[in-house]
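A.B. asks: Go ahead and model the full structure; you've got the sequences and the hints to work with.
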Amino acid sequence: MDEQIGDIAEGNVHVRNGKILAVGKSLKVPAGVERINARGAIVLPGLVETHWHMWNTLLRSMAGRTKEKGYFPLSEVLGKAFLPSDMHVGVTLAASEALHSGITTVHDWCHNTLTPAHVDSDIEALRRSGIRARFSYGYPQGLPRDQAINLDDLRRVKGEHFSGASDGLLTLGYAARGTRYPGAYRKEWEFAREMGLPISVHANIARAFGNVDEIEVLARDGFLDQNLQVIHALTAPPAAIEALAKAGASVSLSPHTEMRMGFGLPQTGNFLAAGVRVTLSVDTTALSGNADMFTVMKAIENVENAQAENEFKLDSRRVLQMATIDGARGLGLGDRIGSLTPGKQADLIVIRTDEINMAPLTDAAELVVHAANPSNVEVVMVDGRVLKRGGRLSLVDTAALAKDAAASLRGVKQRANWG
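Take 1 as the starting number for the sequence shown in my numbering and just add one per residue.
Simulated from the structure, these hints should not be mistaken for laboratory data.
Please note: incorrect hints may appear among the correct ones.
[Stated by the list, open to error] With a straight-line cut-off of 27 Å between C-alpha atoms, the simulated DSS-like cross-links for lysine-lysine are: (1) Lys-158 <-> Lys-187; (2) Lys-80 <-> Lys-413; (3) Lys-403 <-> Lys-413; (4) Lys-413 <-> Lys-67; (5) Lys-80 <-> Lys-158; (6) Lys-187 <-> Lys-246; (7) Lys-80 <-> Lys-67; (8) Lys-69 <-> Lys-403; (9) Lys-246 <-> Lys-313; (10) Lys-69 <-> Lys-80; (11) Lys-313 <-> Lys-69; (12) Lys-80 <-> Lys-187; (13) Lys-403 <-> Lys-80; (14) Lys-298 <-> Lys-313.
[Stated by the list, open to error] Okay, the calculated beta carbon distance ranges per label pair: (15) Glu-190 <-> Thr-362: 49 to 55 Å; (16) Gln-4 <-> Ala-239: 20 to 26 Å; (17) Pro-116 <-> Phe-72: 24 to 30 Å; (18) Arg-389 <-> Glu-194: 40 to 46 Å.
In this text the structure is predicted, and so the values were computed from the model without any measurement.
Glycine residues also receive a C-beta, built at the ideal position from the N, C-alpha and C atoms.
C.D. replies: Structure follows, in structure tokens:
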């Protein structure tokens with residue numbers, strides 16, 4: 001994903017002290033340096049996920065077949081029954097699945113900030129996992145429409161968890177409810193701006209949410225800028241798309257959940273044509289089932305080409321950029337991750353090509369987008385630290401975690417009286 005370096009056949013990546021020292025062929029490495037044999041494999045930047053409600057990974061595939069059991073009532077009713085310990089288990093489960101799937105950076109869009117203890121448990125789970133993440137402080141489930149979030153706690157979180165240098169694995173953002181909440185909208189956004197936080201918001205989601213152009217409102221109110229991420233934007237009209245491009249804002253698309261919810265189809269081609277940065281996301285496994293970014297990439301390419309009735313409208317290499325360097329840029333991390341560039345942090349993955357679904361080795365980008373799955377991810381490295389090796393996670397007892405998740409969900413359902 002570094003255009004100046006390009007693709008290197010039979011190359012080497014030299015990592016030292018958490019950073020990429022060199023990339024090339026036949027690199028000379030000092031004696032005693034650990035070597036990871038990736039012969040015949042594809043080495044690429046870690047995948048960058050840009051919008052995920054990680055806490056509700058406990059609710060995997062629970063969005064039901066009726067309106068009463070749909071995603072929104074599911075999240076609110078069960079979300080209000082979460083204990084801080086449930087937040088920790090849910091986020092640990094999500095981060096572990098992310099790493100298993102080759103995702104080295106996530107955007108934890110936390111919209112269940114019930115108490116300071118819930119927030120702290122979420123952040124602690126991210127920290128313990130070893131993953132790189134933006135934690136975006138949102139609202140608690142069930143918060144009245146005219147009530148602002150706990151701004152004092154957001155200030156506390158920044159001071160206690162994010163007061164140091166920004167070169168750590170975790171950064172802080174604000175997860176906004178948006179313009180449809182007039183009683184709290186301006187107060188929250190202005191506070192986030194004062195705190196210097198990047199803002200992320202769901203906007204122009206679907207026709208079912210009404211015909212208000214939320215992006216136009218944000219532009220009118222002066223909130224469109226390069227630090228803004230807009231999620232979904234499926235109904236954004238051309239003028240709104242141009243406004244996003246002019247402001248330098250990015251969009252985050254999650255095709256699996258957008259289609260599953262009946263929101264519509266992503267406007268990938270329209271965004272790209274206007275010069276808007278497109279990034280990709282899991283959104284929620286309550287709907288998507290899993291955090292397989294390979295299928296997210298495949299869906300984005302195939303849906304766009306289907307809408308255009310053009311096999312060649314969007315190609316796999318461009319989609320891979322969305323899942324790596326463009327995702328990094330969308331989270332303000334483009335100078336640190338997203339490509340195998342000397343000087344950047346060593347966030348990378350190794351994908352085996354000697355397994356039956358990946359053989360024979362043909363075009364690397366096409367294979368990654370259309371053939372690979374999480375089981376092919378042999379090695380995952382974040383900040384130079386190996387978190388998956390030999391196809392197994394290094395820091396997590398996955399069997400014990402699965403049991404913890406099941407026990408946690410049982411408690412949540414009992415407290416919520418969810419049948």
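A.B. asks: So, for every hint listed, does it hold in this structure?
C.D. replies: How the hints compare with the structure:
1. Lys-158 <-> Lys-187: 18 Å, holds
2. Lys-80 <-> Lys-413: 11 Å, holds
3. Lys-403 <-> Lys-413: The hint holds at about 16 Å.
4. Lys-413 <-> Lys-67: 18 Å, holds
5. Lys-80 <-> Lys-158: 24 Å, holds
6. Lys-187 <-> Lys-246: Status holds; Cα separation ~25 Å.
7. Lys-80 <-> Lys-67: Holds: Lys-80 and Lys-67 sit about 19 Å apart, inside 27 Å.
8. Lys-69 <-> Lys-403: Since the Cα atoms of Lys-69 and Lys-403 sit roughly 24 Å apart, the hinted pair holds (cutoff 27 Å).
9. Lys-246 <-> Lys-313: Holds, because 24 Å separates the two Cα atoms, which is no more than 27 Å.
10. Lys-69 <-> Lys-80: Judged against 27 Å, a Cα distance of about 15 Å means the pair holds.
11. Lys-313 <-> Lys-69: 38 Å, violated
12. Lys-80 <-> Lys-187: At roughly 24 Å apart (the allowed maximum being 27 Å), Lys-187 and Lys-80 satisfy the hint.
13. Lys-403 <-> Lys-80: 22 Å, holds
14. Lys-298 <-> Lys-313: Between Lys-298 and Lys-313 the Cα gap is close to 13 Å, so the pair holds against 27 Å.
15. Glu-190 <-> Thr-362: 49 to 55 Å: 52 Å, holds
16. Gln-4 <-> Ala-239: 20 to 26 Å: 36 Å, violated
17. Pro-116 <-> Phe-72: 24 to 30 Å: 25 Å, holds
18. Arg-389 <-> Glu-194: 40 to 46 Å: The hinted range 40 to 46 Å holds for Arg-389 and Glu-194, with Cβ atoms some 44 Å apart.
Of the numbered hints listed earlier, those contradicted by the structure are 11 and 16.
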